Amino acid sequence: MPYHPSLKPPMVSVLNITARDGYETREITISTHHGTHVDAPSHMMGGARAIDGYSPNELIKSAVIIKLTGLGPGEEIKPSHLSRFEDVIRRNDAVLINTGWSGRRGFDREYLYGWPYIGLDAANYLVSVNDRLGIVGIDGLSIAGGPESRPIDVHRVFMVRNVLIIEELNFARIEPELRDRDYIEGVVIVAPLLIRGGDGAPARVFFIMGV
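Counting with this note's numbering, you get residues 131 to 341 for the letters of the sequence shown.
The set of hints was computed from the structure by calculation and includes no laboratory data. Owing to the predicted nature of the structure, the values given are computational and were not obtained by experimental measurement. Mixed in with the good hints there might be a few duds.
Taking CB as the label site, the calculated pair distances span [claimed, not checked]: (1) 187 - 307: 39 to 49 Å; (2) 282 - 204: 16 to 26 Å; (3) 147 - 311: 42 to 52 Å; (4) 321 - 146: 35 to 45 Å; (5) 221 - 135: 12 to 22 Å; (6) 217 - 282: 37 to 47 Å; (7) 282 - 302: 41 to 51 Å; (8) 323 - 242: 30 to 40 Å; (9) 239 - 262: 37 to 47 Å; (10) 147 - 310: 42 to 52 Å.
Built from N, CA and C at the ideal position, the CB exists for glycine as well.
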């Protein structure tokens, strides 16, 4: 599993095997930010809302997947990239951005350091055009870029509004539906691990088209 360069690698160890013990168990060592995961506000804001403070209603939202696969490595997503989708952004409670990065998933330097990201202006644009926004997601390792992109500020634009952030989404199964479209609407279901006081959590994310 690829992971953000700031993290230690995930580990899976086999503790028991069926042939020897009659059952199988594994020990998993992961960060709250490995793989597809959610960032809760407490990730970057002391005393803010943790992942176990979100109700099921806040994890199931009307959603739009926006296709921005023409972006280059390390390119900033700006309001100009999003403005043509303003109507669908306004009428949905979750915005998921497909940059095509999940299709490049791997351990090469470009994937690990060069994902397209939401710039500060674009983050402010999203919350300004939709005050109901509850979830924002992207397929890169982070919604923000490197230090020069003010990543903490980008995260906090959403976190101060209790908007859940999803990072490292995998759009592989939805790609065929997006081939001839710029966006798809439906319902997103986010199922994070329930970690008491968690600043985030690995999550399964499901998208149901046309609901």
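- Task: Take a look at whether the Cβ-Cβ distance between residue 147 and residue 310 falls inside 42 to 52 Å.
- Result: Since residue 147 and residue 310 have Cβ atoms about 47 Å apart, the given range 42 to 52 Å holds.
- When you take the CB atoms of residue 282 and residue 204, is the distance between them in 16 to 26 Å? holds (18 Å)
- Query: Is 42 to 52 Å a correct range for the gap between the Cβ atoms of residue 147 and residue 311?
  - Reply: holds (46 Å)
- In this structure, is the beta-carbon distance linking residue 321 and residue 146 contained in 35 to 45 Å? Given range 35 to 45 Å: violated, Cβ gap about 27 Å.
- Message: If I claimed the Cβ atoms of residue 282 and residue 302 lie 41 to 51 Å apart, would that claim hold in this structure?
- Response: violated (30 Å)
- Is 37 to 47 Å a correct range for the gap between the Cβ atoms of residue 239 and residue 262? holds (38 Å)
- Between residue 323 and residue 242, does the C-beta distance stay in 30 to 40 Å? Taking Cβ atoms as reference, residue 323 and residue 242 lie about 24 Å apart, which means the hint is violated.
- Query: Per the hint of 12 to 22 Å, is the separation of the Cβ atoms of residue 221 and residue 135 within bounds?
  - Reply: violated (37 Å)
- Take the C-beta atom of residue 187 and the C-beta atom of residue 307, compute their distance, and say whether it sits inside 39 to 49 Å. For residue 307 against residue 187, whose Cβ atoms are near 26 Å apart, the range 39 to 49 Å is violated.
- Query: CB of residue 217 to CB of residue 282, is that within 37 to 47 Å?
  - Reply: Violated - the Cβ-Cβ distance for residue 217 and residue 282, about 31 Å, lies outside 37 to 47 Å.
In this structure, the hints that do not hold are numbers 1, 4, 5, 6, 7 and 8, in rising order.
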